[in-house]
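Novice: Residues per chain are reported as follows:
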Amino acid sequence: MAFRAASTIEFSGISKRFGGVVAVDDLTFTVEPGVVTGFLGPNGAGKTTTLRMLLGLVRPTSGSATFGGSAYHELAQPLSTVGTALEASSFHPGRSARNHLRVYAAAAGIDDGRVANVLKTVGLVEFADRKVGGYSMGMRQRLGLAFALLGDPGVLVLDEPSNGLDPEGIRWMRGFLRALADDGRTVLISSHVLSEVQQSVDRVVIIRRGRSVFQGSLDALETGSHVAVDAADRAGLARVLLTAGGVVDEVGGMLRVTGIDAIQVGELALSAHLPLRHLATEHVGLEDVFLDLVGDPERSGETA
Amino acid sequence: MIRAIRSEYRKLTSTSGWWILLLILVGYVGFTAALLAGLFGALGEQLAGTQGAPQLDSESLPPIIYSTTTAIGYVFPLILGVLVVTSEFRHQTLTPTFLATPRRWRVLAAKLVVLFGAGAVYGVAGVLGSVGLGAPILALTGNDAAIDSGETWLLLARIVLAMAIWAVVGAGIGALIPNQIAAIVVVLAFTQFVEPILRFAASIWAWTADVGKFLPGAASDALVGASFYTTLSPAAATATLEWWQGGLVLIGIATTFAAAGAMTSWRKDVT
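Chains as they are written, first to last, in numbering that gives the first Met the number 0: chain A, 0 to 303; chain B, 0 to 270.
Mixed in with the good hints, there may be bad ones.
[Stated by the list, open to error] Label-pair restraints from in silico Cβ distances:
#: 1; chain 1: A; residue 1: A70; chain 2: B; residue 2: M262; range: 49 to 59 Å
#: 2; chain 1: B; residue 1: M262; chain 2: A; residue 2: S61; range: 19 to 29 Å
#: 3; chain 1: A; residue 1: G163; chain 2: B; residue 2: I146; range: 54 to 64 Å
#: 4; chain 1: A; residue 1: G163; chain 2: B; residue 2: M0; range: 28 to 38 Å
#: 5; chain 1: A; residue 1: A75; chain 2: B; residue 2: F30; range: 47 to 57 Å
#: 6; chain 1: A; residue 1: G18; chain 2: B; residue 2: M262; range: 45 to 55 Å
#: 7; chain 1: A; residue 1: D260; chain 2: B; residue 2: D268; range: 47 to 57 Å
#: 8; chain 1: A; residue 1: A75; chain 2: B; residue 2: I19; range: 35 to 45 Å
#: 9; chain 1: A; residue 1: S63; chain 2: B; residue 2: R266; range: 11 to 21 Å
#: 10; chain 1: B; residue 1: R266; chain 2: A; residue 2: S69; range: 14 to 24 Å
#: 11; chain 1: B; residue 1: A181; chain 2: A; residue 2: S61; range: 32 to 42 Å
#: 12; chain 1: B; residue 1: M0; chain 2: A; residue 2: R58; range: 22 to 32 Å
[Stated by the list, open to error] So, partial list: chain B residues that the calculated Cβ filter (under 8 Å) puts toward chain A:
#: 13; residue: R5
#: 14; residue: S13
#: 15; residue: P95
#: 16; residue: A99
Hints listed in this document are in silico derivations from the structure and should not be mistaken for laboratory results.
All residues carry an ideal CB built from backbone N, CA and C; glycine is no exception.
This is chain B alone, in the form it adopts within the complex:
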């Protein structure tokens, strides 16, 4: 198993996909965090001076801004996971892979382990982007960046954990949908279009909200404990899970996909 993990680590780091995705993640998250910090940081004062306007609590700003890493950045580890698995099918490298490791489940398990680590690295990098740009701008606009707060650090740790699990979810999807283009289309369509609509629709009634909180993005936001989507959600009936429940739901989704993939495409003849 250690051998398979070492092999998967070498696979991941010997092509350029992982760091290209990482750079885009950091740029995207950093830019968004900077923008939100500037906007809300300045807006908070104005709102405070306006009677009857919704108030942006200065204390709620750092979590919203730092969690852009997961709120908008979770697709990056997700896509990485999808790419790592589907490229084996696409480039027919499953042949040498299964020749070197004939016990196929070991290969998939090793991929999950390595992707968990890679997702955590994405999480750290994303946090560097969101905190690195968000915190100074919050400070400049006269808000508390809360960098010395233990809660902030717990939040950042949960962000890293969520990103790690997202990469594993991606691997599961890749094993379930081995066609690379199809898998990426499904992931983008679901995360960017289907789930946001479902989450919005689910928030209309209390009973749908109880179902909607199990959607992967909602579970991820629950795990992290903050997201500008949920904070700014118009509906009051947004139910959320406890942070550890959100984590378990996300891990459950990841293992269900991986197990389903292991029993289907992963067992097929390699021709």
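So here's chain A without its partners, still in its complex pose:
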């Protein structure tokens, strides 16, 4: 791969206020080369605004975002440094995919030969001369990705790349992102659904209402498991488990135990002669942790 050096993306104290609304609030994080970084948050959390500030499309109220120290507009060869797919609607409906790419290849001084290359990479060759107006959402996503790849950039910034893709397309995208990161490129993808990117990201930055609420690896996000158990004498069972050093809560008409695994719980109950009604290990899904992080008690309290 002959792409230009993959630079590190740095957001430092970046904020954006639209009128009186704070869309992005003092965000600071770094995106490293060679890994896929997920930029997560519910719709309206400020992800797209943050990415648009990074790309010089939206002017930050304060703070900065740079690629290896340079702002986007300072890059000598922007499309060959950073590849971007922001949304699936930035096309003239009356222009063919091939011409769409040729327009921007000309603007960036990229050889027209790349157009055919990227069309092939994203699997659009047979539709390349059709007007984009007739494209499906999935085809538009692929064309957006082709635009991002046009300059063979070392950095990729993709906003909701899986939106509108069918399951096969999502699997293809996953493998594709993996390959890009394995090449040593810097890959930043945003999503509002953790499960969509869970299998392709190495690191996540989670924001809620424009503020960072978590940064780190997916493993650090995972909180493990607990045991759900119940007996006719629930209070008696709770006493036994507490004595054995477990943390016990009563949740949903059952005990939730952490600190003791299911085998130990079974043995403790047997030795205390407490017949069990239920015993199971429950895993806390990433999605639950994610929703806990981004959940908005104030908003969910409002009536729809």
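For this one, chain A is given, so just place chain B on it according to the hints.
Specialist: Okay, now just chain B, sitting in the frame of chain A:
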């Protein structure tokens, strides 16, 4: 800058809007030129035989007929300019455009350059329509089509120049009014309704005529040097600019709009 110009050229030629407008222009101008040539060509003789009737000088006929290209056709390059700029907003293609060319003024400057060229192409096509149909009909009705006259060729060159500048004016308006429908409504309302009334009203007194000659349509007619509107205008007090003054006024209008647009909508956040 060369890259941006090449990109804008590809944008313009890769959608069908430009040649559809061009075909309508040629048809409209050609039809009108043919009609006027037939009408005046035949009328001139009749008037000449009538005592006291206003005379249509046979020599004034070719400029009137050939200049239908600008007199009625200038809205086409104007609309083209408006469409080229506003469609970037409408289809949100400003996002990839500014990603590829982050120095935004370059994009606008490239559009002005490409539209100047496209407007000139419209001018040539319009002239082909007005001369192509007007000249043979003038000849058939026994008038001099003046095709071998150097003055006619200078007139045609000024027509092409005016059409080129009109396309640039359109781009400026598009940058100033990014909403496509609003921009087109404003352009049509002004060119088809507001300006004709203003020009007529301005021609009533000498001092208003001095102001009215700076209206864009009046400046364009001055640049071209002929228009059946001014030739047939009832008022004697119609002041006109020199052809080069008219050109400068039109260029001034174009650059003022473009600069104002560059400082407003063009600098805004692209969301």
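Novice: If any of the earlier hints don't hold here, list their numbers in rising order.
Specialist: 1, 6
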